[in-house]
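The sequence shown lines up with residues 1 to 53 when you count with our numbering.
For the record, the hints were derived by calculation from the structure and aren't laboratory data.
One should not assume that every hint holds.
Computed list of lysine-lysine pairs in PhoX-like fashion (alpha-carbon distance at most 25 Å, straight line) [said to hold, decoys possible]:
#, residue 1, residue 2
1, K23, K13
2, K23, K51
3, K51, K6
4, K6, K20
5, K13, K48
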Amino acid sequence: MSITRKTNMPYVKLGNSGLKVSKIILGTMQYGDTRSAPWYLGEEEGIKHIKAA
1 MSITRKTNMP YVKLGNSGLK VSKIILGTMQ YGDTRSAPWY LGEEEGIKHI KAA
């Protein structure tokens, strides 16, 4: 048995790429090696954020 859910997620075209993406996204630029930039979050803290999203 499969379940189909209707969502009201708004999508937009991503530039000229032809891709459709949801308007709600989680950017990941700030996650990674904390030695790269002082505002980066380490892996453990980043995982917490992604799970919460």
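Checked hints:
{"no.": "1", "hint": "K23 to K13", "verdict": "10 Å, holds"}
{"no.": "2", "hint": "K23 to K51", "verdict": "19 Å, holds"}
{"no.": "3", "hint": "K51 to K6", "verdict": "23 Å, holds"}
{"no.": "4", "hint": "K6 to K20", "verdict": "17 Å, holds"}
{"no.": "5", "hint": "K13 to K48", "verdict": "29 Å, violated"}
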